[in-house]
Amino acid sequence: MPDVALVAEDARRHFRAARGVVAPALIFAAFALVPLLAAWAGQKYLLDVAARMMVLAIAAVALDLLVGYGGLISFGHAAFVGLGAYAVGILSAEGISDALVSLPVAIAVSMLFAWLTGIVCLRTRGAYFIMITLAFGQMIYFVATSLERYGGDNGLSVAARNTVAGWPLLKTDHAFYYFTLACLIAAYLFCRALVVSRFGRVLRGGRENATRMATIGFKVRQFRLVAYVIAGALGGLSGFLLANLTEFVAPTYMSWQQSGELLVMVILGGVGTLDGAIIGSVVYVIAEEWLSGVIENWQVIFGPFLVLVVLFAHGGLIGLRRRLWRFGHG
Amino acid sequence: MAEPVLRLEGLRKSFGSLIVTDDVTLDVMPGEMHAIIGPNGAGKTTLINQISGLIAPDAGRILFAGADMTALPPETRAMRGLSRSFQITSILPGFPVLENVALAVQARAGSSLRFFGRAAAEPALNAPAMAALEQTGIADRAHVRAGDLSHGEKRALELAMALAVQPTLMLLDEPMAGIGREETERQVDLLLRLKGKLTMILVEHDMAAVFALADRISVMIRGRVLVTGAPEAVRADPQVITAYLGEQME
Amino acid sequence: MSGTLVLVQILNGLQFGVLLFLIAAGLTLVFGVMNFINLAHGVQYMLGAYLAVAFYGVVGNFLAALILALVAALAFGLLLEFLIFRHLYDRDHLDQVIATFGIILFLNHAVKMIWGAAPLALPMPDFFTGSISLMGGQLYPVWRLVVIGAGLAVAAILYLLVSSTRIGMLVRAGSTNAAMVSALGVNIQRLFMIVFGFGTMLAGFAGIMIAPIISVEPGMGDNILILAFVVIVIGGIGSIRGAFVAALLIGLVDTLGRSFSIDILRLMLSPSPARMAGPAIASMLIYVLMAVVLYVRPTGLFPARGR
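Residue numbers (my numbering), protein chains in the order written: chain L, 1 to 330; chain V, 1 to 250; chain E, 1 to 307.
Just chain L, same shape as in the assembly (with noise of 0.2 Å):
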């Protein structure tokens, strides 16, 4: 009796490791073919979606890991990607277009931003944390805007993409692609192996009860800051990507839009999977795309389906699917 049910436990743990090695694989899989899919078919722009969703993919696997495994619901996210994408334009702007400075520097001004404004965010919870980072991010927005010399509310073009130690490794879209989706992997590798670390069960263990972690002796605030910082940094990452991959950086990268639709790739995926998150920019980039060739103001039917997904679907795609794996199952 007691001898079975640890079997089937075990199994069914088993069972979910397998899963959780198998569609993120396939996933992976999946994108390292479209560029071949795309040759076949002559649409490059398949190429650029895809690198899109990818770029997306990393910021939101890095807000995943804040709002579903760490609790932190940060509507500022989209501040680092901007940030990191700004780094590469000023840079460029200023006759630096080598990723051996600029991807470093992206990734050190986002840490700094988060290191800065997650010491007063973490002094606050739960609603007042949301408001907090939507300000900051607003602020950030904001002097990006007010930025003259770099091209104000207009933005700014990057010259070229960024070459590494002087060669241009990355100049084909290909290439590129590739780097991107090396970028990927390694930033879902890092924040999966992140989530179940020591690091990680404190995080996780904040987020279920963290006055009681409190009691126990662990300091939760300074691991939300780790994490917020780490969060930044793969934001700034994902932005460095962004600015090559368009060539181009506006202060729309960096605004509140941009956070709340990074929140929701995040919860169409399933908050708290992290393959929920590169699922949910898929989807999200296949519904904006598809959505805008039938109607301009495509926003008018994402919205509403956004409350609907809100009051019906809860767990996102990843809850649908396991929801619907339960009730085929009796």
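Keep in mind that the hints are not guaranteed to be accurate.
To be verified - Sample of chain L residues facing chain E (criterion: CB under 10 Å; computed from the structure):
#, residue
1, 115
2, 117
3, 129
4, 169
5, 171
6, 248
7, 300
8, 311
To be verified - Calculated cross-link-like contacts (lysine to aspartate or glutamate; reagent style DMTMM-like; alpha-carbon spacing at most 20 Å):
#, chain 1, residue 1, chain 2, residue 2
9, E, 112, L, 296
10, L, 219, V, 75
11, E, 112, L, 288
12, L, 171, L, 48
13, V, 195, V, 3
14, V, 197, V, 215
15, L, 171, L, 289
16, V, 195, V, 27
17, L, 44, L, 289
Worth flagging that the hints you see were computed from the coordinates, not collected in a lab. No residue lacks a Cβ here, since even glycine has one placed at the ideal position from N, Cα and C.
Starting from the known structure of chain L, arrange chains V and E on it as the hints suggest.
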């Protein structure tokens, strides 16, 4: 005379015009099982919250092993050897039972700023956690989701989490609240076995348990400590009988 | 930097602050009583302005348009409450944020579809057009003074309502413990509806009053919503008094900062870097102020709840 493990000096706390802690001065000696009893609303839990650091007193000092910890946050107090269980169960419901306790162990087991390696598989954390679970009798539920436990099992988990860190001082806030006879007996047995090995403050309403376990008892009424003394003395004290025990013994 | 210029900017700052208060009051009430983060509050402000423009086109009279728009805004707000919001009160904040974000997306673009993307104008009442002369011969628009007056009047009414009426008492009680209020037999759903409706009207009223002096366009509620959040975070979520103090503070700091940042910086730096850094620093001012306040008091200046 030995140094008290815990010394409360003139502790005061009010919420608005309601005085919940009224000039409380108390010593808890090493190895002692010190019970705090009193009617509901006497301010027992608030006192425990002040000792563990979740509430800041308005006035007074809290000295732990001679050091003033009145201004220290709960995390620091925990790391200095203070542990507690909560009156209203406060566990990590989404985690398996073993991980709840393993986290408590993890806090004292080196740095948690490790980003790699599966924490849930670390024997250095799981072994002491398992031992605590065995002590409290719920080792067979180790892999169950903590939120799915019965109430009695959750109270045992509370106790296991407080024990796992091998504390210097353990604060037990109504550990037997709402659990059945059998589980109460098991807990009392466990606490008897722990007596002398660590210092404990026990807040409880279950008088049988209190008189079986306590070395000394402090009676709190309306935020003040009415009397502190050996169980027989307290039991016989006329003030205590009138104010509290008289009703309790019905 | 003359005295009258400073006075003009102080008045502008007050007017902006009063506007922020009208929006923040509804926001903080709804959050304080129902624990509901309503991002869609900004579009309620926008809707007030658009409805006023629409009704003005029909009736040609500002006051009539104001009343009709208020009623329509209230009706729409209550419809949203009935259909969507009341199902979100029990949900976690993330759900509330995503759902209300969806409503913002919807309304910002629905408004664009109905009225077009070009900014619209609402004429102010004839009686209040024109300017009055301040000291030193500087002219100041009467309507802005009307806005300040109206805002202060609403603040006074709100204060009286909350502190002296039964409903106000229930609101204050609900702010601290909604479950208890419900247990005392009060129809909590009706209380929530009243609070929400009132908040919606305040936002709509702000939109209508400000419409004559700004451009009415899609998305006009977004930036001011975020400022309203800054206000209630500084003031303390759930506190009307906090919202009032913080709103005026932010209105003044932001306006004066933007007007005089370059001048102030020129005292310390040479003109060129001052001109470059000025706008950037001005745009950061209120957020830095927010950061400072929150560092010292993480729950704001006058927190209503015990959390």
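Now the hints, each set against the structure:
For residue 115 of chain L, the interface hint is violated, the least distance from its beta-carbon to any beta-carbon of chain E being 13 Å, above 10 Å. The beta carbon of residue 117 of chain L comes within 8 Å of a beta carbon in chain E, closer than 10 Å, and the hint placing it at the interface holds. For residue 129 of chain L, the shortest C-beta to C-beta distance to chain E is roughly 9 Å, which falls under 10 Å, so the interface hint holds. Hint status for residue 169 of chain L relative to chain E: violated, with the closest Cβ pair at about 35 Å, above 10 Å.
The interface hint given for residue 171 of chain L is broken, as the beta carbon of that residue sits about 33 Å from the closest beta carbon of chain E, more than 10 Å. With a least beta-carbon distance of about 21 Å to chain E, the hint placing residue 248 of chain L at the interface is violated under the 10 Å criterion. Below 10 Å, beta-carbon pairs count as interface contacts, and residue 300 of chain L has one with chain E at about 5 Å; its hint therefore holds. Annotation: residue 311 of chain L was flagged as interfacial toward chain E, and the flag holds, the nearest CB pair being 6 Å apart, inside 10 Å.
Proximity of residue 112 of chain E to residue 296 of chain L is assessed by CA-CA distance (about 10 Å); at most 20 Å being required, the pair is judged to hold. The suggested pairing of residue 219 of chain L with residue 75 of chain V holds, with an alpha-carbon distance near 6 Å, which does not exceed 20 Å. Of the supplied pair hints, the one linking residue 112 of chain E and residue 288 of chain L holds, its CA atoms being roughly 18 Å apart against a limit of 20 Å. Restraint check for residue 171 of chain L and residue 48 of chain L: the C-alpha separation of about 14 Å stays at or below 20 Å, so the hint holds.
Distance hint between residue 195 of chain V and residue 3 of chain V is fulfilled; the C-alpha atoms sit about 18 Å from each other, no more than 20 Å. Distance hint between residue 197 of chain V and residue 215 of chain V is fulfilled; the C-alpha atoms sit about 13 Å from each other, no more than 20 Å. The suggested pairing of residue 171 of chain L with residue 289 of chain L is violated, with an alpha-carbon distance near 25 Å, which exceeds 20 Å. A hinted pair counts as satisfied when its Cα atoms are at most 20 Å apart, and residue 195 of chain V with residue 27 of chain V qualifies at roughly 17 Å.
Our distance criterion of 20 Å between C-alpha atoms is met by residue 44 of chain L and residue 289 of chain L, whose separation comes to about 15 Å.
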